[in-house]
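Trainee: Chains as they are written, first to last, in numbering that gives the first Met the number 0: chain E, 0 to 195; chain Y, 0 to 243.
Just so you know, not all the hints are guaranteed correct.
As the list claims (entries may be wrong) - Only pairs whose alpha carbons sit at most 20 Å apart, straight line, appear in this in silico EDC-like list of lysine to aspartate or glutamate:
# : chain 1 : residue 1 : chain 2 : residue 2
1 : Y       : 82        : E       : 66
2 : E       : 114       : E       : 124
3 : E       : 69        : Y       : 161
4 : Y       : 49        : E       : 66
5 : E       : 60        : Y       : 63
6 : E       : 55        : Y       : 63
7 : Y       : 18        : E       : 31
Stated by the list, open to error - Here are a few chain E residues that sit away from chain Y, every Cβ distance over 12 Å (derived from the structure):
#  : residue
8  : 64
9  : 68
10 : 80
11 : 87
No lab work stands behind these hints: they were computed from the structure.
Built from N, CA and C at the ideal position, the CB exists for glycine as well.
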Amino acid sequence: MIKKYFFQLIFFNLFLTKKVFAAESGGMPQLDPEFWVSQIFWLTLTFGILYIVLSKLILPKISANLELRKSQIQENIEAAEKQREDSETKLKEYENIIFKTKIDAKDIFKETKEKTIKEINTKKENLDNQIDEEIKKAEHEISQLKKYAPEKINKIAIETSSEILKVLIGAEVNNSSISAIVDDLSKKSGEKYYGD
Amino acid sequence: MAANPMTQFEVYRIGPEIKVGTFDISFTNASLFMIISSLTILFIFNLGSKKNSMLPNKIQLLAELSYTFVSKMISDTAGSKAKPYFAFIFSLFMFVLFCNMFGMIPYTFTVTSHIIVTFVLAAFIFIGVTIIGFIKHGLGYLKLFVPSGVPIVLLPLIVVIEIISYLSRPISLSVRLFANMMAGHTMMKVFGGFVVSLGIVGGWLPLSFSVALTGLEILVAFLQAYVFAILTCIYLNDALNLHH
Numbered sequence: 000m001i002k003k004y005f006f007q008l009i010f011f012n013l014f015l016t017k018k019v020f021a022a023e024s025g026g027m028p029q030l031d032p033e034f035w036v037s038q039i040f041w042l043t044l045t046f047g048i049l050y051i052v053l054s055k056l057i058l059p060k061i062s063a064n065l066e067l068r069k070s071q072i073q074e075n076i077e078a079a080e081k082q083r084e085d086s087e088t089k090l091k092e093y094e095n096i097i098f099k100t101k102i103d104a105k106d107i108f109k110e111t112k113e114k115t116i117k118e119i120n121t122k123k124e125n126l127d128n129q130i131d132e133e134i135k136k137a138e139h140e141i142s143q144l145k146k147y148a149p150e151k152i153n154k155i156a157i158e159t160s161s162e163i164l165k166v167l168i169g170a171e172v173n174n175s176s177i178s179a180i181v182d183d184l185s186k187k188s189g190e191k192y193y194g195d
Numbered sequence: 000m001a002a003n004p005m006t007q008f009e010v011y012r013i014g015p016e017i018k019v020g021t022f023d024i025s026f027t028n029a030s031l032f033m034i035i036s037s038l039t040i041l042f043i044f045n046l047g048s049k050k051n052s053m054l055p056n057k058i059q060l061l062a063e064l065s066y067t068f069v070s071k072m073i074s075d076t077a078g079s080k081a082k083p084y085f086a087f088i089f090s091l092f093m094f095v096l097f098c099n100m101f102g103m104i105p106y107t108f109t110v111t112s113h114i115i116v117t118f119v120l121a122a123f124i125f126i127g128v129t130i131i132g133f134i135k136h137g138l139g140y141l142k143l144f145v146p147s148g149v150p151i152v153l154l155p156l157i158v159v160i161e162i163i164s165y166l167s168r169p170i171s172l173s174v175r176l177f178a179n180m181m182a183g184h185t186m187m188k189v190f191g192g193f194v195v196s197l198g199i200v201g202g203w204l205p206l207s208f209s210v211a212l213t214g215l216e217i218l219v220a221f222l223q224a225y226v227f228a229i230l231t232c233i234y235l236n237d238a239l240n241l242h243h
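Can you build the whole structure from these sequences, using the hints too?
Mentor: Printed below as a string of structure tokens:
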């Protein structure tokens, strides 16, 4: 039943197709000159108006818009370029300042270092000198003491020995003879104790 | 009658018959679609040029892209001397393109599928270009027919061929557009007819073919408008910059 319906349909369609081709007649309407003048007239009219309106009103506007945008973009690019350059110079300045300050700081550091070192050195020298002087003084004193000690001792020795002799013998002994003996003795033992 | 693939090209009167002298300039369906195309172009480009924002909206972008497209096409083929003719070539390209595209809508009329329309456009271009050539170069424009570097023996033959090819320009230009449009639309109509006649059983093949053809025809519609405009540019280039 379905098969029968199917074939019927195809047959019917082919019948219709034949009808379609049968309807094809009369040739090309394009070559029929009936409306040629009308077409030429309306083409000239519409295309002419289109051309005039486009060229006088619309295209200059679009062109101006494009130019404006182009110049605006160009300006913006230039401004951006300028700002970039500005920032670069600023950055350079900043770097220079930092560099300078670094050098300055170094210099200041160096100077103070040198100053303090100098001060320390002078103070040290002063102290050294003072110490040297003190030492010299002390040495001098010592040497002075050394120098006069035997004499004093001798004196004491002479006096004591004369006193002792006075007590022992009960007679006055000439100091000069005692001193000669003491001197002699002290020379002998002085070498032992003081050893110049 | 509706199944005849040629009926779509028939021109018929809309409204009363208008006669100027012996000439019939009645308003027809062809006139209607010329007006629709022109008005659409003007509407779109007017919207696209109305306000200038830094960031264009879609319609402004469309207008500006078309502008730069045609402008680049002209400067590439005819150089900077062709700038005064920019508006004409732009209008021409847009008119042909919109007429072709409107023809792609079912039950519409394709203005450019009529030889008389394309021939008038082509003849206008041909005459205009010839006049420009003679104004720019005087009689020196005739050197166009004498290519340099051709042996003297062959020269008469070459000159004849060059003249014939020059004179056939309006015919080739108009027939190219007209034939493409007519053939495409006829073929679509024929395949559409097959879909109807083969019905639900066998109609799928011509239907799919018809869909593919529609895509192809849209491409052809654009391409033929482009070819029409670029050939105009090339002819203009011959007239402006005599290279031969």
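Trainee: Assess, step by step, whether the Cα of residue 55 of chain E is no farther than 20 Å from the Cα of residue 63 of chain Y, and give holds or violated.
Mentor: Status holds; Cα separation ~16 Å.
Trainee: What's the verdict on residue 18 of chain Y and residue 31 of chain E, does the C-alpha distance respect the 20 Å limit or exceed it?
Mentor: 18 Å, holds
Trainee: Given the hinted pair residue 60 of chain E and residue 63 of chain Y, is their alpha-carbon gap at most 20 Å?
Mentor: 10 Å, holds
Trainee: Would the hint linking residue 82 of chain Y and residue 66 of chain E be met if the CA-CA limit is 20 Å?
Mentor: The hint holds at about 15 Å.
Trainee: Just double-check residue 68 of chain E for me: nearest Cβ-Cβ distance to chain Y has to come out over 12 Å.
Mentor: Given that some Cβ of chain Y is not farther than 12 Å from that of residue 68 of chain E, nearest at about 7 Å, it is violated.
Trainee: Mind checking the alpha carbons of residue 69 of chain E and residue 161 of chain Y for me, to see if they're no more than 20 Å apart?
Mentor: Cα-Cα ~44 Å, so violated.
Trainee: Over 12 Å to the closest beta carbon of chain Y is the bar; see if residue 80 of chain E clears it.
Mentor: Correct as stated: the minimum Cβ-Cβ distance to chain Y is 19 Å, above 12 Å.
Trainee: Confirm or reject: residue 87 of chain E is not an interface residue toward chain Y, with every Cβ-Cβ distance exceeding 12 Å.
Mentor: Given that every Cβ of chain Y is farther than 12 Å from that of residue 87 of chain E, nearest at about 27 Å, it holds.
Trainee: Has the given pair, residue 114 of chain E with residue 124 of chain E, been kept, meaning a C-alpha gap of at most 20 Å?
Mentor: Holds, at about 15 Å.
Trainee: Taking only the CA atoms, is the gap from residue 49 of chain Y to residue 66 of chain E under or equal to 20 Å?
Mentor: 15 Å, holds
Trainee: Is the claim that residue 64 of chain E lies outside the interface with chain Y correct, judged by CB distances over 12 Å?
Mentor: 4 Å, violated
This entry does not satisfy hints 3, 8 and 9, going by the numbered hints stated previously.
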